[in-house]
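**Q** Add chain L to chain A, keeping to what the hints say.
Going down the list, the protein sequences come from chains A and L. For the first sequence, position 111 (counting from the first letter as 1) is numbered 111 according to my numbering, and the numbering increases by one without interruption. For the second sequence, position 331 (counting from the first letter as 1) is numbered 1331 according to my numbering, and the numbering increases by one without interruption.
These are calculated hints, taken from the structure and not from any lab test. Treat the hints with care, since some could be wrong.
As the list claims (entries may be wrong) - Derived contacts from chain L toward chain A, CB cut-off under 7 Å, selection only: (1) 1031; (2) 1078; (3) 1111; (4) 1112; (5) 1212; (6) 1228; (7) 1462; (8) 1476.
If you're wondering where the values come from, they're calculated on a predicted model, not measured in any experiment. We put the CB at the ideal spot given by N, CA and C, even for glycine.
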Amino acid sequence: MDHPIASKFDRVCQILEHHQRNPHKLIPILQEIQAEYLYLPEEIMTFVSTALGLSTSAIYGVATFYSHFTLTPKGKNVIKVCDGTACHVKKSEGLIQAIEKELGLNAKKRTTDDLLFTLETVACLGACGLAPAVVLNDQVHGLMTPESTLKLIREIKAKEAEVVCNTAV
Amino acid sequence: MQHSSLEERKQHYHDCMSQYKAKIVICGGTGCIANGAMDIFHRFEAVIAAKGLKATVALQKEQADYILSKSGCQGFCQMGPLVTLYPQGIFYVHVKADDVEEIVEKTLLQGELIPRLLIHDDETGEPLPDTAHIPFYAKQERTTLKLCGMIDAQDIDEYIAHDGYTMARKAVLDMTDQEVCQAITASGLRGRGGGGFPTGRKWDLTRVQVNDTKYVICNGDEGDPGAFMDRCVMEGNPHSVLEGMIIAAKAIGANCGYIYVRAEYPLAVERLKLAVKAAKEAGFLGEQIFGSTMNFDMIIMEGAGAFVCGEETALMASIEGRRGMPMPKPPFPAVKGLFGKPTVINNVETLATVPVAMQMGVENYAAKGTAKSSGTKTFALTGHVAHTGLIEVPFGTTLREIIVDIGGGVINDDGSNCGADFKAVQIGGPSGGCLTQEHLDMPLDYDNLLSVGAMIGSGGLVVMNQQTCLIQIARFFMQFTQNESCGKCVVCREGTRQMLGLLEDITEGRATKESLELLEELAHVVKIGSLCGLGKTAPNPVLSTMKYFRDEYNAHVFDKKCPTNQCQALSCYQVVAELCKSCGLCAKKCPVNAISGAKGVPYVIDQDVCIKCGVCMETCKFHAIVK
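Only chain A is shown next, with the shape it has when bound in the complex:
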C-alpha cells in the first residue's frame, strides 16, 4: 500500500456508498467500520459525520449508546463470558474472576497491555442449555469451569508465544 491513510478512507467511502450515504443507515455503517478497524477511530467518525450530514455529537451519541461499539482498540482475542441468568446461577462469576486474575484485568481494565486479550461480559448468548458459556473468538464453549476456561486461555497464550518466537527467528 502506497498511501495507507488514503486507503483507510477509501474503505470508509466504499462502506458509505454501499449504504447510499443514508443517515438512517448509521448503525450498519458503524458496524461495518468497526468490523474493518476493530474499533471506531475518532478521525473516521468525524469523516462519517461530514459524509452523512450528521453532527459529530449525533454520531458519538450512537457510538456510545450501543454496547457493541468501542472507541478504544480491542485485543486480538476476545473472550466473552455469558452472565445471563442461566449462566449466572451456574456460577459464571467464578469464570470472570479466574480470567481477570489470569490476565491481570479488572472491572475497569478490560484489555491486556499487550493487546492480546479483551474480556467482555455479555447479558445472554442464548446458549443457556450449555450454561455457563464462554465465547472465545466467536466459538462457543459450553459447561465451562474456571479450570477449563484458563486452559483455553493458556493454549492461546502458548500459540501466541510460538508466533512471536517464529517471527523473531
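**A** Just chain L now, kept in the frame of chain A:
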C-alpha cells in the same frame, strides 16, 4: 419470471427423498455446534464414503445412498450433539465423532441400535429408541417449533415440502386484508414477546390506517437473559418467520419489512439472510409476490447491543439510525411508527406461529391452551434442572409438569435430584417475577401469571434450587436493568441505581430496617413513573422476592446472615477443630493475617480482622474450613 408452483416443488422434493435409504439429521443449533456437531457431520461424509457408499448433503440432493442434513436447534441442548436417523427416527445423544464409524456400521448397515447412545428411561433403565418415547419430548406439544429441528433451515424446499408458504400464498391470493385480520383474531393468538396483546387486533388497528407506506417489523432483539426461543426459531426455521411477515404485510397493506436481530446471534442473521435470498428467488418476496400485484421487500438489520431496543419505539429509533431510546405512547406504532408511518411490530415467535395456526385451522388453534391464552408457548427451561433446553407446551400447563415431567426434576448444588423441591422459578427474565412452591400446580397463562406479580415475558424459565440466594438474584437482575436503562427518564435511570445500591447494602451487611422500607417505596415509584416497559417492570424481581421471601431479606438485614451462605460479605469462615491438621497453609495464604495457631493446636480465624475473601477455604486440603 415463471416459477414452479409450491405443489410441484413439494412433489419434486418427495420424489428426490424417496431414493435415499436413510436420512441422517445432525442438530446444528448453537449448543450442538459448540459440542462438535460439525465434526460429526464431516465424519459421516468420510465414513460413508470409505464404505464405498455415497452420501449427499441436503442442499444438493444428488443421487446417493444417504442424505445428510443439519437441522436447527432441537431443544435438548444439554444432551448434544444430537443425531437422528430417519425414517425410524432413532435418536442418538452425546454423540462423538468417534462414534460415527459404529453408527454407520451397526445402525445404518445392519439395522442394530447402539444402546450406549440412546436415552434411557429414568425408572426402568430401558433404552428409548425415538423421541416419541422420551419424556422430555413426549410431554411437550411442539407446534411452532415442530419443524425446528426437523428440517434443514438453509433449504427452502424442505420448508415447502412441509406445506410451507401455502398459507402466505392463500393470504396473498385468496383473502382480503380484513379476512386475514379476522382469521388471526379468531385464532386467539396473543403477542409472544411479553405484553400479550391480541395479534389480530394489533393488525386490524394498522390495517385501517390510510397511508401509502406501511411497515412490518419482526422484533428479534431477544435480550432477556435466560431466554433463547427466538434464536432457535430464527436459526431453525427462518422461513416460518418470513411467511408470518408476508401474511402480516397482506393484512395491513405493508410493502416493506424489517427483521431486527440481536448482534449476539450471528448464526440467526446468516440463516435469515439465506432465507430471504431463497424466498426472493422463489418469488415469495420482492415484486408481485406469488404472481399477485403485491410487492413486499425485506431488510435484515443487526442490533448493536442494547436491551432497551426490545421496546418497540426504541427499536424503531434504532432502525432509523438513532440512539435506541423509547418514546411516549400514544401515538402507537399502528398510527405513527417507523419513519412516521403505520407499523406493525411483532415478536419472532408470534410471527412464526401465524402460518402454523392458519395451517391447522384457526379454530383448532384457538381450542388449544386456556380460554384467554390460546395455543402453545415455547419456554427456555434452564437453571438447576436435570434436562435444560427449549420446550413448547400448551398454555395452562403447570410448573410441576414442566419441571418434573419434562425437566426431569431439580438438581441440587451437590448434583442430587430433589424432584419438585425448587426454591423459586424466575419467569419472564428481568421484567418478570418469581414463582414459588405455592404456584406449583397453577396453570400457566398470561392472566394467572399477572395476578401473582409475574409475567410470561418472552418465556425464560430459570429454575433455582434451595441453595440459591434470592437477594443475590434480585441484585443480579437490578444490575442488569440498571446497566441497560437508556437514561432518558430520571426515575428509571436514578431509581434503578439507588435500588441496586440498597440491594448491595443488604447483601453486604450494611442495611437497616429503613433500607428495606426505602427499597420497597422506590420500587413502586420506578414502576409507576418510568416511561417504557423496561423501567415499569424493572422492580418486579425485587417486589416479587420481597413478597415471597421476606424472611430471607430479614435474615440479611437484621441477623446479618445469608441463609444459603451465598453472600460472601455475610459469611463467617471458621475452622473445624476436629479436621484441622495444623499445617498452617491457611495462615500463610491469608492476605490480612487473620489466622493464627501453632503446631498441634487447631488454627483460629479472627473474625474482626477477616475480610471474607475465602482464600483459606480454597487452600485447605482437609476441608477443615467452612462458612
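**Q** Take the hints in turn and mark each one as holding or not.
**A** Hint by hint, here is what the structure shows:
This hint holds: residue 1031 of chain L has a C-beta 5 Å from the nearest C-beta of chain A, less than the 7 Å allowed. Here the hint on residue 1078 of chain L is kept, as its CB sits about 5 Å from the closest CB of chain A, short of 7 Å. Annotation: interface hint on residue 1111 of chain L violated; nearest CB of chain A at approximately 31 Å, more than 7 Å. The criterion of a C-beta within 7 Å of any C-beta in chain A is not met by residue 1112 of chain L, whose closest approach is roughly 30 Å, and the hint is violated.
Taking 7 Å as the C-beta contact cut-off toward chain A, the hint placing residue 1212 of chain L at the interface is violated, the least distance being around 18 Å. Among the interface hints, the one on residue 1228 of chain L holds; its C-beta lies about 4 Å from the nearest C-beta in chain A, closer than the 7 Å criterion. Residue-level restraint check for residue 1462 of chain L holds (minimum Cβ-Cβ distance to chain A is 5 Å; threshold 7 Å). At its closest, the beta carbon of residue 1476 of chain L sits 6 Å from a beta carbon of chain A; the interface hint therefore holds under the 7 Å criterion.
When held up to the earlier numbered hints, the structure conflicts with 3, 4 and 5 and fits the remainder.
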